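Asks: Sequence:
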Amino acid sequence: MKSTGIVRRIDDLGRIVIPKEIRRHCKIRENDPMEIYVDKDGTVILKKYSPVKELGEFAKQYADALYEAIGHAVLITDCDNVIAVAGAPMRLFLNKEIGQTTDSVIDSKESVIVDKPDIVITEVALATVGAFAPIIMGQTGIGAVVIFSKNPETKMGDMEIKLAQTAAGFLAKQMTV
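With positions in the sequence shown counted from 1, the corresponding number in my numbering is that position plus 314.
Just so you know, these hints were derived from the structure itself, not from any lab. Just so you know, these numbers come straight off a predicted model, no measurement behind them. We treat Cβ as the ideally placed atom computed from N, Cα and C, and that holds for glycine. There may be inaccurate statements among the hints.
[What the hints assert, rightly or not] Think about it this way: if two alpha-carbon atoms lie no more than 30 Å apart in a straight line, the pair counts; the simulated DSSO-like pairs of lysine-lysine are: (1) Lys-487 with Lys-361; (2) Lys-354 with Lys-464; (3) Lys-341 with Lys-316; (4) Lys-410 with Lys-476; (5) Lys-374 with Lys-361; (6) Lys-469 with Lys-423; (7) Lys-367 with Lys-334; (8) Lys-334 with Lys-410; (9) Lys-476 with Lys-423; (10) Lys-374 with Lys-469; (11) Lys-361 with Lys-341; (12) Lys-367 with Lys-487; (13) Lys-423 with Lys-374; (14) Lys-487 with Lys-423; (15) Lys-487 with Lys-354; (16) Lys-410 with Lys-374; (17) Lys-430 with Lys-341; (18) Lys-410 with Lys-430; (19) Lys-361 with Lys-469; (20) Lys-476 with Lys-361; (21) Lys-354 with Lys-341; (22) Lys-410 with Lys-316; (23) Lys-410 with Lys-423; (24) Lys-367 with Lys-410; (25) Lys-362 with Lys-316.
[As the list claims (entries may be wrong)] If you anchor each label on the Cβ, the simulated ranges turn out as follows: (26) Ala-379 with Leu-327: 44 to 50 Å; (27) Gly-370 with Met-473: 36 to 42 Å; (28) Pro-403 with Phe-484: 32 to 38 Å; (29) Gln-375 with Val-321: 41 to 47 Å; (30) Cys-340 with Lys-423: 19 to 25 Å; (31) Asp-429 with Asp-378: 21 to 27 Å; (32) Ser-422 with Ile-330: 18 to 24 Å; (33) Ile-324 with Met-473: 52 to 58 Å; (34) Lys-341 with Pro-431: 23 to 29 Å; (35) Lys-487 with Gly-385: 35 to 41 Å; (36) Gly-385 with Lys-316: 39 to 45 Å; (37) Gln-488 with Thr-318: 16 to 22 Å; (38) Met-473 with Lys-316: 45 to 51 Å.
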């Protein structure tokens, strides 16, 4: 564990303020759910909670089925990282930080097709075209389904966006059950 040198007091309601620098570094936004762990030695650990990550193997199976049906690579993400990959090298995607396009789709809660030479899918991987659909729980974007291709000849349209939206809607329903 790394010390930040920052000390905060607990207020009379039991709250503690997480400094802005730490929230920015950890991508913690207002209203983000946090998990609280207590270690054997009494250490308190706060971790950003990801309901999408809870789907783990189920999300992977859904991505695999979608890839087998359409032949395009599929990613399922939470708000920060890729949690499931099908049809693309795992080392380039799994657990990697999401790109700006995916982040903006989650924030806007709007599905889009992006067709440009360099879509940043993760911090280390690019694509040329992608259909992005946010996973929405309640009123909050909590992840995304991304169908993409690195082939510049590939065109995506209504079918890919509808498939991504269907997958996103189905995954959202699995988290509310």
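Asks: Are the hints correct? Go through all of them and say.
Replies: Status of each hint after checking the structure:
no., hint, verdict
1, Lys-487 with Lys-361, "24 Å, holds"
2, Lys-354 with Lys-464, "47 Å, violated"
3, Lys-341 with Lys-316, "17 Å, holds"
4, Lys-410 with Lys-476, "25 Å, holds"
5, Lys-374 with Lys-361, "23 Å, holds"
6, Lys-469 with Lys-423, "23 Å, holds"
7, Lys-367 with Lys-334, "25 Å, holds"
8, Lys-334 with Lys-410, "23 Å, holds"
9, Lys-476 with Lys-423, "15 Å, holds"
10, Lys-374 with Lys-469, "24 Å, holds"
11, Lys-361 with Lys-341, "11 Å, holds"
12, Lys-367 with Lys-487, "14 Å, holds"
13, Lys-423 with Lys-374, "22 Å, holds"
14, Lys-487 with Lys-423, "16 Å, holds"
15, Lys-487 with Lys-354, "36 Å, violated"
16, Lys-410 with Lys-374, "15 Å, holds"
17, Lys-430 with Lys-341, "27 Å, holds"
18, Lys-410 with Lys-430, "21 Å, holds"
19, Lys-361 with Lys-469, "39 Å, violated"
20, Lys-476 with Lys-361, "33 Å, violated"
21, Lys-354 with Lys-341, "27 Å, holds"
22, Lys-410 with Lys-316, "22 Å, holds"
23, Lys-410 with Lys-423, "21 Å, holds"
24, Lys-367 with Lys-410, "13 Å, holds"
25, Lys-362 with Lys-316, "17 Å, holds"
26, Ala-379 with Leu-327: 44 to 50 Å, "47 Å, holds"
27, Gly-370 with Met-473: 36 to 42 Å, "27 Å, violated"
28, Pro-403 with Phe-484: 32 to 38 Å, "25 Å, violated"
29, Gln-375 with Val-321: 41 to 47 Å, "46 Å, holds"
30, Cys-340 with Lys-423: 19 to 25 Å, "22 Å, holds"
31, Asp-429 with Asp-378: 21 to 27 Å, "25 Å, holds"
32, Ser-422 with Ile-330: 18 to 24 Å, "31 Å, violated"
33, Ile-324 with Met-473: 52 to 58 Å, "53 Å, holds"
34, Lys-341 with Pro-431: 23 to 29 Å, "27 Å, holds"
35, Lys-487 with Gly-385: 35 to 41 Å, "26 Å, violated"
36, Gly-385 with Lys-316: 39 to 45 Å, "44 Å, holds"
37, Gln-488 with Thr-318: 16 to 22 Å, "36 Å, violated"
38, Met-473 with Lys-316: 45 to 51 Å, "47 Å, holds"
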